[in-house]
Structures are given as structure tokens and as C-alpha cells.
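> Here is what each chain is made of, one letter per residue.
Protein chains: 4
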Amino acid sequence: MRGETIEQIFHSAVEVFAHSGFERAKIDDVARHAGVAKGTIYYHFKGKEELFVALMRDGMEKMTEQIHRQMGREPDPLRRLRALLQAQVEYLYEHGTFAKLLLSESWGSVERQQEFRAKIRELVELIEEVLIQGAEEGSFRPQMSHHDTAVAMFGAISVSVLQDLFSPERTGTREERVAGLVANLEKLFVDGVVVSKGKT
Amino acid sequence: MRGETIEQIFHSAVEVFAHSGFERAKIDDVARHAGVAKGTIYYHFKGKEELFVALMRDGMEKMTEQIHRQMGREPDPLRRLRALLQAQVEYLYEHGTFAKLLLSESWGSVERQQEFRAKIRELVELIEEVLIQGAEEGSFRPQMSHHDTAVAMFGAISVSVLQDLFSPERTGTREERVAGLVANLEKLFVDGVVVSKGKT
Amino acid sequence: MRGETIEQIFHSAVEVFAHSGFERAKIDDVARHAGVAKGTIYYHFKGKEELFVALMRDGMEKMTEQIHRQMGREPDPLRRLRALLQAQVEYLYEHGTFAKLLLSESWGSVERQQEFRAKIRELVELIEEVLIQGAEEGSFRPQMSHHDTAVAMFGAISVSVLQDLFSPERTGTREERVAGLVANLEKLFVDGVVVSKGKT
Amino acid sequence: MRGETIEQIFHSAVEVFAHSGFERAKIDDVARHAGVAKGTIYYHFKGKEELFVALMRDGMEKMTEQIHRQMGREPDPLRRLRALLQAQVEYLYEHGTFAKLLLSESWGSVERQQEFRAKIRELVELIEEVLIQGAEEGSFRPQMSHHDTAVAMFGAISVSVLQDLFSPERTGTREERVAGLVANLEKLFVDGVVVSKGKT
DNA sequence: AATGAATGAGGCTTCATTCAT
DNA sequence: GATGAATGAAGCCTCATTCAT
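If you read the sequences in order, they're chains A, B, C and D.
Following the numbering used here, the numbering of the first sequence begins with 1179 at its first residue and continues without gaps.
Following the numbering used here, the numbering of the second sequence begins with 1179 at its first residue and continues without gaps.
Following the numbering used here, the numbering of the third sequence begins with 1179 at its first residue and continues without gaps.
Following the numbering used here, the numbering of the fourth sequence begins with 1179 at its first residue and continues without gaps.
If chains are identical, the list can't say which one is meant, so a pair holds when it fits in one copy or spans any two.
Heads up, simulated DSS-like pairs for lysine-lysine below, C-alpha to C-alpha not over 30 Å straight-line: (1) Lys1297 <-> Lys1240; (2) Lys1204 <-> Lys1226; (3) Lys1297 <-> Lys1224; (4) Lys1216 <-> Lys1226; (5) Lys1297 <-> Lys1365; (6) Lys1224 <-> Lys1240; (7) Lys1204 <-> Lys1240; (8) Lys1204 <-> Lys1216; (9) Lys1204 <-> Lys1224.
In short, the hints are calculated from the structure, not lab data.
Model, not experiment: these values are computed from the prediction.
All chains, full assembly: derive it from the sequences and hints.
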């Protein structure tokens, strides 16, 4: 079938890269994991770098796509924010491998890393839009910088997911864990930590 | 001064490791940067790994120390939170190199990475304590999980700093940038994004 | 025409091999240049080596053929020498690609290289015969070793052509260049460089 | 001692490169032949290419040097020509390995090859100067192009040497072989092949 | 304390060749 | 006849580490 091998390599590459990081990952391992010869990888991809970049591009695309799908056409900003939160946590949790790469391979001056930061910026902008919309409608507090706030939220989300994924003592099913993280983040973002005098 | 050479190596190592990440960094580069022979590094450190770990340990120590210093004995939880925020952002911003390493070299199963996560946990616990204290005093809203909230806050802080450091188009002095980030994070954490009916 | 594909491959192979030399040349490039799939080349030729040898054989054959044609039945040794010179320079200049391969791929102990030297010997023998004929008729000075002299002449011819082909600053049409080279070589071979007392 | 290892590598590299040509030669073989580890070669040379170029540069330098030495201050053009011939043949014969590389690795567009051709040009110019000097003094026949003639002579010399070196059936001591080649070339260059009417 | 030459395991990549379609 | 995906042996190069001085 068309692209079956490529699919296989792709899949294995995610595993291997996520397990070891870009530098530590060995093409040999990707090949073994994919059940193909080393040369086959080079037949389909120009090299380690290209394979990795293709991978991350794909991951980002799918993530953005899924988030859009889950947010749907919900008009209410608060509900939109919740949906986005849910979607993002869910995806990152599901693809922890990808989450890890995103956070660890995005800081630096190598070209690839700049591209990754650009991708992150896309995610951030998704959040930003919601914040702006909410502020315009008056249901969200106006921010000094919607962009900076969005960045902070993205950081909170991704690090929360990663910290959870790498916690040895975590319990419960994935669904429960995700629900917990989402609820927690939602609480923080929506209400802040301080007791507001006007609320019960 | 005692250990001038060691100091030199240490300093250069921070630069080089931060610029390239652990794997990409070359002992050769550290040596050249420090103006010593390669052998000298191995005379003072057991190896690349040890040098790096010593580095990170040192960075974390100094960070914790500085944060403690800046938080002082402030009893009011909200002010404590603000001081902590200010201290953490300031330190990470100042030592962006360290911030980068912390975020990119902490996710994985290599022993060193586990140690880093433990260090992160220390930072998180600093935040956590403030949250708990605030909740006990009644000025902070009780959280589902103070720990998770603290993690989220740490993520927000560190990613905000990194994103800012790696933004090519950022303007203003460092002090201004830091102040902006702090204010923004404070706003988010303290009040959340939603307009609460009881506030003006 | 019969063997159109083969013809295509052959033609492309000359180009590619000449451009890169035997080792550097890639079957992939030959295939791309010929507009066929890589497998097709292996369908028609046993391998890289065979393709190359076939090529060189063909080149030598055509060269010998053309030289014979141009020398015709000229009985006078001096005129024969001139015709041979003209023919050889012309052919090598025209097929510089071939000339290059001949000079660069003929020295070594690989079987193929021995075969090439044998081919060169054929060319040398063409020259040798003329020298011997001339010596027998008395119009040529007797040589210590007609064979060695013939080799030297071949070297002079081929290197002259190559040096000219690879001179970036050469000017004039091909015909002019060839005529120049021929005239020069003729002068050298026929008269030597020393002024003989008996000549004007 | 200073540079002993480098000397060793150099020497081995000549052997290996000459035996196999640039592409076929393996750094591994050079290392084994030199009795050092592979890494040692890379400690002293940037890579295969640099090693090779350094080699050829060195070879050309020594050759030019030796030729200059042997030609000395001889004022008479004819004797100068003979000395040069003798020196060049002697050197190439002695360093057949180098001769082979010179002739086989000099034709192409790779930068290194351009450098080699430049080196060849130096040799050619040595010859050219003698020709010009002789022509000015009136003892040499004026040439259409002294440069082209010099090139032809260089070609005759180098190919003669190589052909001889690779002749399986050659007999006699090296000195005899060299003497034969020199005499033959001298005869060809000095007098040409044609019987001049004015000589006995 | 410091040096830097030497090492060699390890990883990336190339490319001639095969073979099922 | 022709294809092109797949292979894997082979080779170049890197770099952490060692050690004699």
C-alpha cells in the first residue's frame, strides 16, 4: 500500500526521538523499531534532521487540527477557553512523546528550533484569540498583553502535562489524570488563586 | 582566589552548554572558551556528565538561595507570592542559559534528568508552600491540588521567560521586560482571566 | 531504432562518468540523466563496472576507427604522422570526456585499468608503426626505442588536449584550438626544439 | 620528536592514495599503514581531502625544489633542458605514486583538482622558461607557443614515466630505465623525429 | 596542576545492487 | 522490458576520554 513504509518509519521515529531526544536518538534504532533497513530511512528522508522536522511538523499539524475540531463553533469565550484547554491537555497527554520534544527541542538557534518556536507561537495564538474575544465581549478581564498571557497559559499547560507524565507516583486512568489537570488549570486561569471579595 | 581555573571552566561550561544543549556541547569548546587544555577539565571533573550536573546543581542552588533572600520573611501570602514571582522571573531571565537547560534537559529517564526534575520540584514546592499558607489563612482560594497548581505556575513562569528570551523582536531594557512579565503573570495568577462579578 | 534505451543510457553514462570520474559517478545520476529508472540500467548492464568498461571500449574503438579513416592510405611517413596527429587530437578534443577518463582511469592494478592501458598501447602502436616505417624509409631519424618515443608522443598529445580543455581562459573556435595544438605538436615532433645548423 | 606522527601519516598516505586513488583510498588503511588510530589522522588533518591536498602540495614542492637544485645555475639552454628533463623524470620515477596521482587526479572541476592543475602549470612554466631563454639566445627554434610546447613536453615526460612504471615486462635497474627514458625524450625534444637535411 | 597528542567506539550517510511487480 | 522501493555493507568523521609528560 502507498506510504505504508513511510508511516511505519514515522511512527517509530516518534517513539525513538521522544525516548532519547534528537541528539541521543539513533537512526539505527528507528530503523530497527520500524523493522526496515537503515538505508530505507534514507530512501524516504534526506537525513536525521529532515525526519525529525517532518515528524514535528506533522505532530503540530495534527494537534492544531484536533484542537480546532474540539473547539468547534462554540461562541461563548469561557466555554471556548475550556474546550481549548481540554483539547490541548488531551492531545499533549496522549502524545507525551511529542509534548516532550516540543518543550525540549524548541530553545536554541538551530534553524529547526526556530521553526518549532514558530509552531508553538501558532498554539499560543489560538489561546490569544480566545482571550481577545473574551475581552471584547467583556466577559474576560482586559490583559496587559494578551499574547504574554497566552504564552504563560501555554507554559502552564505543557509543563503540567509533562510533569505529570514523568511523575512515577501518579495514579488513576489517563482520563482521570487529564480531567484533573484540566480542572486544575481551568480553575487557575479562570479565577486565579486569590479569593475575590465578591464571590461566595 | 582558590580554584580560579575551576571557576573559569565552570563559567565557560555554562555558556557552552547553554548555547548548544548537553549533547551538542563539546568539551573541546568548553576548554577553548575557558582558555585551558582539554585535559585540565578532566583533571578537575570526572567527565562531561559530572561537569554538567555540577553546573546545574550550582544553578539551582543559587536560584533557590536568591529566591529565599528576596522573599525574606514577608508574612502576607499575596506579597510572598509576588516576591517569589519577581525573584523567579528575575533569576531565570538573568540566567536564561540556565533556564533553557532546565526546561530542555529535564524530561527523560537518564539519571541526570531525574535529578533535574527533582530540582524543579524544589522550586515547585516553594510555590506550593505559599499557596498552602494562603489557603490556610483564607486569603487564597483552596485548590484541588496545590501541587498541580504550583507546577502550572512554574510552567507559566519558565516558558514565559524562555519565549521572551528567544523572541527576536523584543524591546526595552531587561528590567522593563522582567517587570512586564512579572506583572502579567501576577495578574493571571492572582485574578484569573474572568471578570468576577464582585469586583469593580 | 534497436536499443534506443541502451543508447540513451550509454550516452548519459559518458557524460556522468566523464564529469565525475568512475568512483564519484553515481548510477543514480546516470539513470536520472538518461530518464530511465535505476533498475533499467541493471537490466541492460551487469553493473557499474561493466557499463564503464563497455563505454571505454566503445570510445577506443571509435577513436581507432576514426584515426584509421583519416590516415587513409597515405604512403608518405611524414604525412601519415601529420594525419595521425590531426586525427588523434581532433578525436580527443571532441571527446574530452573520454580523453579525461583515459588519462585518469588507466593507472592502477584494477583489471579494468589494465585493460585501458592495453587500449592505450593500441594507440601507441599506431604511432610506433609510422615511426618505424619512416625510419625504414630513411625519412625519420632512427630512434633508440620507437615504442618509447611513441609513448612520449601519445603523452604529449593527450596531456596537451586535456590541459587545453581545462584551461578556463582559452579562446577561439574549437577548430582553431585544435589546429593550434596540432601545429604545435607537429613542430615539436618533427623538428625538435633545437636549431639545426643545416636548416635556414 | 616533533611531527613524527604527522610524518608517519604523511608517508603512509602517499602509499595508500597512490595505490588506490583518492576515492578508493580508505582512511582506515592509511591509519593501519601508519600504525596509528583512525582518530589520530583526524587530530592532525581536517579530513581525507585535506590530507590528500597537503600531500600533493608537499609532493609538488619537493619536486620543484629538487628540479631547481639539479638545474643549478647552468646557463646554457640546451644543458638546462637536459638537466630539467633528467630531474623531472628522475623525480617522477622515484615517486611514481605521486606521478600517478598527479596525472589521474588533476582533471575535473573539484577545487582540489584545479589546485593540482595549477601545480602542473608551475612545472610547465619551468620548462617554458628554458624554451624562451633558448629562443632568445638563438639556440632554440622559436615556437608558436612556448607554453603549449612546454605542456606537450610535460605530457610526454609524465606519461612516459607512468607507462614505464606500469609495464610489467620492464627490465634493468631503475637507473638504467631512467637513463633510457631521459635519452629518448631528449632525442625527441631536441631533434625531432625527422632527419634534417643539414645533419649527417 | 596542567597539557595536548592519541585513541577508538559509535553514528550518520552513501550508493551499488537486488527483486517483486 | 522497465520500474523503484528496499537493502546493508562500507566509509567518513566526531568527540569523550585517557595518559605520559
